[in-house]
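So the sequences go chain by chain: R and W. Last residue of the first sequence: 342 in numbering that gives the first Met the number 0, with the numbers rising by one and none dropped. Last residue of the second sequence: 249 in numbering that gives the first Met the number 0, with the numbers rising by one and none dropped.
If you are wondering where the hints come from, they were derived from the structure by calculation, not from laboratory data. Using N, Cα and C, we set each Cβ at its ideal position, and we do this for glycine too. Treat the hints loosely; a few may be bogus.
[What the hints assert, rightly or not] Computed spacing ranges between beta-carbons, pair by pair:
#, chain 1, residue 1, chain 2, residue 2, range
1, W, Glu70, R, Lys149, 25 to 35 angstroms
2, R, Lys149, W, Asp62, 18 to 28 angstroms
3, R, Ile134, W, Glu70, 32 to 42 angstroms
[To be verified] In silico DSS-like links for lysine-lysine, alpha-carbon gap of 25 angstroms or less:
#, chain 1, residue 1, chain 2, residue 2
4, R, Lys28, W, Lys87
5, W, Lys12, R, Lys150
6, R, Lys149, W, Lys87
7, W, Lys26, W, Lys87
8, W, Lys87, R, Lys283
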Amino acid sequence: MVDAKRNVSIWTKTSAAAMNPARRGNARKIAILSLLTLLAGAAYLLVLSYPEKPKLFAYVLSLRIPTLIVMVIAAFAIGCASLVFQSIIGNRIVTPCLLGMNAMYTLVHTAVVFIAGSGSVVARNANVSFIIDLIVMGTAATFIYAYIFKKTGNNVLYVLLIGTVLSSFFGSVQSTMIRVMDPNEYDALLVTLVADFNNVNAEVIALSIVLLGALAFFLRHDLALLDVITLGRAQAINLGVDYERTVRRLMLGVVLCIAVATAMVGPISFLGLIIANLARQLMKTHRHSYLITASALFGMAAIIAGQMISQHVFSYAVPVSTFITIGGGAYFLYLLLFTKGGV
Amino acid sequence: MNIAKLTKAYDGKTVVDGVSFDIPRGKVTSLIGPNGAGKSTVMGMISRLIARDAGEIGFEGRDLSAWKSRELAKKLAILTQHNNITMKLTVRELVAFGRFPYSGNRLTAQDNAMIDKAIAYMELGEFEHRFIDELSGGQRQRAYIAMVIAQDTEYVLLDEPTNNLDIYHASNMMRMVRRLCDELGKTVILVLHELNYAAFYSDYICAFKDGRIAKFGTVDEVMTRETLSSLYGVDFEIIRVHERPLSLFY
Chain R
0 MVDAKRNVSI WTKTSAAAMN PARRGNARKI AILSLLTLLA GAAYLLVLSY
50 PEKPKLFAYV LSLRIPTLIV MVIAAFAIGC ASLVFQSIIG NRIVTPCLLG
100 MNAMYTLVHT AVVFIAGSGS VVARNANVSF IIDLIVMGTA ATFIYAYIFK
150 KTGNNVLYVL LIGTVLSSFF GSVQSTMIRV MDPNEYDALL VTLVADFNNV
200 NAEVIALSIV LLGALAFFLR HDLALLDVIT LGRAQAINLG VDYERTVRRL
250 MLGVVLCIAV ATAMVGPISF LGLIIANLAR QLMKTHRHSY LITASALFGM
300 AAIIAGQMIS QHVFSYAVPV STFITIGGGA YFLYLLLFTK GGV
Chain W
0 MNIAKLTKAY DGKTVVDGVS FDIPRGKVTS LIGPNGAGKS TVMGMISRLI
50 ARDAGEIGFE GRDLSAWKSR ELAKKLAILT QHNNITMKLT VRELVAFGRF
100 PYSGNRLTAQ DNAMIDKAIA YMELGEFEHR FIDELSGGQR QRAYIAMVIA
150 QDTEYVLLDE PTNNLDIYHA SNMMRMVRRL CDELGKTVIL VLHELNYAAF
200 YSDYICAFKD GRIAKFGTVD EVMTRETLSS LYGVDFEIIR VHERPLSLFY
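Can you make the complete structure from the sequences, with help from the hints?
Given below as structure tokens:
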């Protein structure tokens with residue numbers, strides 16, 4: 000009995016006796032959600048894939064498999080980052096968007112086209128542009144947010160406020176550049192400023208997987224402390240958690256996750272708001288093992304479904320991010336008006 | 000626990016100024032004093048929630064800062080007045096957090112036994128699987144005490160535990176404090192506003208004024224007309240009820 004309990008992994012850390020009856024189904028919910036995500040993935044690969052024509056089928060798959068992987072990685076990064084971010088802040092209607100990462104991405108891209116021109120290698124080569132995005136956003140975010148955290152004494156509300164100010168600052172700099180830019184250049188630029196899952200190279204995929212894996216490895220202890228962190232600073236310290244250090248590390252993890260996802264597909268971190276809340280509504284637990292998994296799975300299902308609609312219903316005329324923004328906006332209003340807003 | 004020359008200033012304004020006293024082991028010690036006297040700040044520094052500017056807090060032979068936070072969590076439990084948990088948490092899950100310093104997220108059979116005991120001790124059995132936010136204020140308070148019991152520490156620090164509780168729940172709370180000390184042998188240190196609760200339920204009282212200790216001693220030593228009058232700047236009368244000093248003020 001004791002051994003059985005000890006063997007349970009860090010992600011399923013309770014005995015059946017400790018469970019609320021309403022919660023016994025959490026493992027099952029995760030299983031159902033995983034199945035649905037798998038089905039969505041399979042549907043994405045196979046719908047209208049012309050399996051009767053082997054050559055065409057192989058071509059379709061060669062296009063769709065990388066896209067699918069990109070969607071899965073981006074959804075995973077955004078789902079985890081958003082949920083962790085909300086738990087640290089203690090509010091379920093915030094998203095890491097508030098840190099100003101989307102605006103930073105937009106600014107970096109505009110600056111590249113502005114300085115080097117849309118025809119340059121830097122702007123045209125997906126790998127180079129991914130690496131530039133990642134390096135610029137990663138280092139800038141790490142330094143800026145680490146500095147802000149130190150300066151404000153880990154006051155997350157100040158960090159949010161500064162993030163919002165930074166967001167409009169980056170936005171202003173970017174719009175100044177756009178005003179003096181050649182219209183043709185602007186046209187080329189605009190395409191990269193909208194979230195897009197097509198045209199991503201395999202090298203980029205490998206690099207992001209390595210980065211996210213390293214992040215998860217370095218933060219594994221901090222992630223295990225998330226349940227306690229949600230109890231608030233006083234309780235976390237009471238229970239022997241180095242609150243400041245853990246929150247700082249987790250925040251940097253959030254920022255880097257968003258940087259990877261945004262560099263890969265563009266600004267879609269608004270999606271995080273939707274999927275993190277769907278996860279909380281479905282799971283009704285405080286255990287982040289379940290919440291994070293559910294959030295990532297919802298993200299995958301949502302992006303894949305959105306991409307299919309964009310692809311098959313609107314023939315690429317309407318990008319996925321449009322659905323995300325419309326759906327997310329409506330859901331956000333619902334959250335504001337009909338729920339209490341706590342974590 | 001030995002506190003020596005504890006000092007804290009906010010923006011150049013000294014709120015705690017060279018406070019030194021020893022907390023008697025196995026007793027209930029109340030920190031009292033008017034608003035802004037520094038009692039909560041002292042409590043915050045003892046419970047490591049507030050960083051101190053100077054001074055020492057000796058705890059079992061070592062300074063508090065030399066302890067590992069996780070080890071300290073097995074010796075010293077803190078309960079503050081602000082516990083607005085917004086996430087969905089059942090009573091049992093909250094109490095289970097008390098075992099975190101011992102077993103992390105993985106509860107052992109021994110942990111579950113401790114949790115059962117704490118829940119039974121606080122008579123929370125029937126609420127065990129209810130969500131915290133569905134409980135009344137008094138029940139919630141009991142759930143937090145159960146968590147402290149599950150944490151199984153020798154020292155318990157309570158910051159204004161009777162705040163926002165009505166007379167019924169507040170006196171239950173104070174009786175609980177007494178039981179923690181008498182039945183479970185814990186050293187309890189608490190910040191209190193109600194003088195008579197301090198007089199009736201504690202062994203020692205430490206009275207603060209303007210960031211310094213005005214008087215530290217047994218209940219009878221501190222609860223005198225002169226001390227209280229100079230402490231609060233109000234006329235007091237002390238009468239004795241059940242062998243205890245009861246202060247009257249109006």
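Now for the hints, and whether the structure bears them out:
In this structure, W/Glu70 and R/Lys149 meet the distance hint of 25 to 35 angstroms, their C-beta atoms being roughly 27 angstroms apart. For the pair R/Lys149 and W/Asp62, the beta carbons lie near 25 angstroms from each other, so the given range of 18 to 28 angstroms is met. A hinted range of 32 to 42 angstroms holds for the C-beta pair R/Ile134 and W/Glu70, which are about 41 angstroms apart. A hinted pair counts as satisfied when its Cα atoms are at most 25 angstroms apart, and R/Lys28 with W/Lys87 qualifies at roughly 17 angstroms.
For the given pair, W/Lys12 sits about 21 angstroms from R/Lys150 by alpha-carbon distance, which is consistent with the 25 angstroms threshold. Restraint check for R/Lys149 and W/Lys87: the C-alpha separation of about 31 angstroms exceeds 25 angstroms, so the hint is violated. Between W/Lys26 and W/Lys87 the CA atoms are separated by roughly 36 angstroms; this puts the pair beyond 25 angstroms, and the hint is violated. Of the pairs offered as hints, the one joining W/Lys87 and R/Lys283 holds, with about 6 angstroms between alpha carbons and a cut-off of 25 angstroms not exceeded.
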